[in-house]
Amino acid sequence: MPLPTPRVSLPSSLHRLRRHRRTAAVAPRPVARLAWWSAGVLPAVGCLTSFSIGARKATMVIPGVGYQGGFSAGWAHALNQPAYFTWLSNALVAGTSLTLAARDTAPTSDAFWALRTAGLGSVMVTGIVYNAVLRGHEEDTALYRVNDTLQHVVNPVLAPAVWALFDPRGQITHRRAGLASVIPLLWAAMTMTRGRRIDWYPYPFLDVPRLGSRTVGLVLVGILTGFTGFMGMLGDLDRRLTPA
39 MPLPTPRVSL
49 PSSLHRLRRH
59 RRTAAVAPRP
69 VARLAWWSAG
79 VLPAVGCLTS
89 FSIGARKATM
99 VIPGVGYQGG
109 FSAGWAHALN
119 QPAYFTWLSN
129 ALVAGTSLTL
139 AARDTAPTSD
149 AFWALRTAGL
159 GSVMVTGIVY
169 NAVLRGHEED
179 TALYRVNDTL
189 QHVVNPVLAP
199 AVWALFDPRG
209 QITHRRAGLA
219 SVIPLLWAAM
229 TMTRGRRIDW
239 YPYPFLDVPR
249 LGSRTVGLVL
259 VGILTGFTGF
269 MGMLGDLDRR
279 LTPA
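Numbered according to the working numbering, the sequence shown spans residues 39 to 282.
What the hints contain is simulated information worked out from the structure, not anything from laboratory work.
Each hint should be verified, as a subset may be incorrect.
What the hints assert, rightly or not - So the derived label-pair ranges between C-beta atoms look like this:
1. 212 to 181: 40 to 50 Å
2. 243 to 220: 18 to 28 Å
3. 111 to 264: 26 to 36 Å
Even for Gly, the Cβ is constructed at its ideal location relative to N, Cα and C.
I would like the entire structure built from these sequences, with the hints used as guidance.
In structure tokens form, the structure reads like this:
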């Protein structure tokens, strides 16, 4: 009489890994692909129109700032657009959304989902900070209004909504969230270092000459804390939406 084959139970971490791979490997539905195309094209339009605005307009003059630097209209200002956190967050959302839309199956690498998570957290921070602090400094041109609406109103709402409805579940892990945090940290470090060198900062709340390094440091800590909080919220929602 043959002996029964013993059942081997896999560790819970292996079960999660198998589930992550399975959810990411499912071919997307047409409605999901359409949603990703929309969530990718709109921020891409915002990023591209930023170059056009920078080429045509000089750096916005904000009364009372302590720094003296800036950029005249032209190539220098156009190429400076990635220095804005708004541009960076929308570019991350555009790149990852278009990747999901173009592929038959979703990527499974830590690098991709770290970028995806960073884009989602960053674009939500962008929407809140801009509309709470910076609203009112807009330029009165049609192109600027379209750019402003896409980058600061539409995409901060559309990107997380598309993620919640259509992204494969189980992809926001603690490791990937940690990797995602590196992006805003690098942006903050580069912004402060570059600002001291060229005497210009992309936002008035980063005005070191007027506010001082300590105050600006606290502002950055607040922004990074908000980013971390959004990633935690996304991770928790991701786990809740993941099929058992």
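*Is the distance from the Cβ of residue 212 to the Cβ of residue 181 consistent with 40 to 50 Å?*
41 Å, holds
*If you check the beta carbons of residue 111 and residue 264, does the distance land in 26 to 36 Å?*
33 Å, holds
*Taking the CB of residue 243 and the CB of residue 220, does the distance hold inside 18 to 28 Å?*
22 Å, holds
Violated hints for the displayed structure: none, as all numbered hints are satisfied.
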